[in-house]
Amino acid sequence: QVQLQESGPGLVTPSETLSLTCTVSGGSITNYYWSWVRQPPGKGLEWIGYIFYTGNTSYNPSLKSRVTMSVDTSKNQFSLKLSSVTAADTAVYYCARGRSGWYRDLDYWGQGTLVTVSS
Amino acid sequence: NFMLTQPHSVSESPGKTVTISCTGSSGSVASHYVQWYQQRPGSAPTTVIYEDNQRPSGVPDRFSGSIDRSSNSASLTISGLKTEDEADYYCQSYGDSILIFGGGTKLTVL
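Those sequence lines, one after another, are chains A and B. Converting from the first sequence to my numbering requires adding 156 to each position, the first position being numbered 1. Converting from the second sequence to my numbering requires adding 5 to each position, the first position being numbered 1.
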C-alpha cells in the first residue's frame, strides 16, 4: 500500500519561504507524477503543481512565480518551496500521486499538514 | 481560464438519491476526464469516481458518474444515501498540463 507523508515547519513567517517534503513509502517514486494540493481553512482544494520523477514540472499559473518543486529519487521524496508567503498561503498542504502514471487525477494522498503563515 | 462550478451545498434524506453537478465554464467538459473526490472533515480527499464514470475498488456502486455534453457538465449521483455519505465532494479535471478543481459541494444527509 502506497503511503505519502508530508513534513516541514507548521509555522512560517510572512515574506519567507515555505518548504515541505513528501516521503513516499510502499512504492517507488519512479514512473509517476507527484502533485501538491492545498486547502485554506474552511475553503476548497487548490492544485499547486506537479513534478514527474524525471524532474519535469508544471505549476498552477496563479502561483507559478513563487513555486519550485524538486524530486530526490534516491530518497523517494519530492519537495515544495513557496516563496514570499503571506497569510493567504495559510492552508493544509497535501501531497498526492497521479494515478497510473498520469498527472490527470490523484489516487493516493498524504494526510496533509497545516502550515500557518504568521509573525 | 477554465473553471468548474459546483453548487455550494445539497441535502437529501437517507435512502434517497442525490445528484451533484459540475459545470465547465468554457470548452467541453467531455474533452477531458472528470474525477470526483469525497472529503470528510479532517481527512484527505479520496476518489469516488475517476475517468468520468469509473469506480475505484472499494467504492460502492451507489456512486456513479456521468457526462452531459448538452449542458457541458459532469454529475455525481449517489443513490441509497447513507449518513456516512455526508461530506464535501469535489469535481476535478485537467488540461494543458494543469489540474482544476471545482469549488466543492457540501452534502448533508438528514
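For the record, the hints were derived by calculation from the structure and aren't laboratory data. Note that the structure is predicted; figures quoted are calculated from it, not measured. Check each hint, because a few of them may be wrong.
Claimed, not checked - Per label pair, the in silico range of CB-to-CB distance:
(1) A:Pro165 with B:Asp66: 40 to 46 Å
(2) A:Asn212 with B:Ser36: 18 to 24 Å
(3) B:Ser33 with A:Pro170: 21 to 27 Å
(4) A:Thr186 with B:Ser48: 25 to 31 Å
(5) A:Ser221 with B:Lys111: 46 to 52 Å
(6) A:Pro165 with B:Arg45: 24 to 30 Å
(7) B:Lys21 with A:Pro165: 41 to 47 Å
(8) B:Asp73 with A:Gly183: 32 to 38 Å
Glycine residues also receive a C-beta, built at the ideal position from the N, C-alpha and C atoms.
Cross-check of the supplied hints:
1. Hint check: Pro165 (chain A) to Asp66 (chain B), Cβ distance near 43 Å, so the stated range 40 to 46 Å holds.
2. Distance hint for Asn212 (chain A) and Ser36 (chain B): a CB-CB separation of about 23 Å, consistent with the stated range 18 to 24 Å.
3. For the pair Ser33 (chain B) and Pro170 (chain A), the beta carbons lie near 41 Å from each other, so the given range of 21 to 27 Å is not met.
4. The beta-carbon spacing between Thr186 (chain A) and Ser48 (chain B), approximately 28 Å, falls within the hinted interval of 25 to 31 Å.
5. Remark: the range hint 46 to 52 Å for Ser221 (chain A) to Lys111 (chain B) is contradicted by a beta-carbon distance near 32 Å.
6. For the hinted restraint 24 to 30 Å between Pro165 (chain A) and Arg45 (chain B), the CB-CB distance of approximately 26 Å keeps it satisfied.
7. A hinted range of 41 to 47 Å for the beta carbons of Lys21 (chain B) and Pro165 (chain A) is consistent with their spacing of about 45 Å.
8. Separation of Asp73 (chain B) from Gly183 (chain A) is about 36 Å and conforms to the stated range, judged on CB atoms against 32 to 38 Å.
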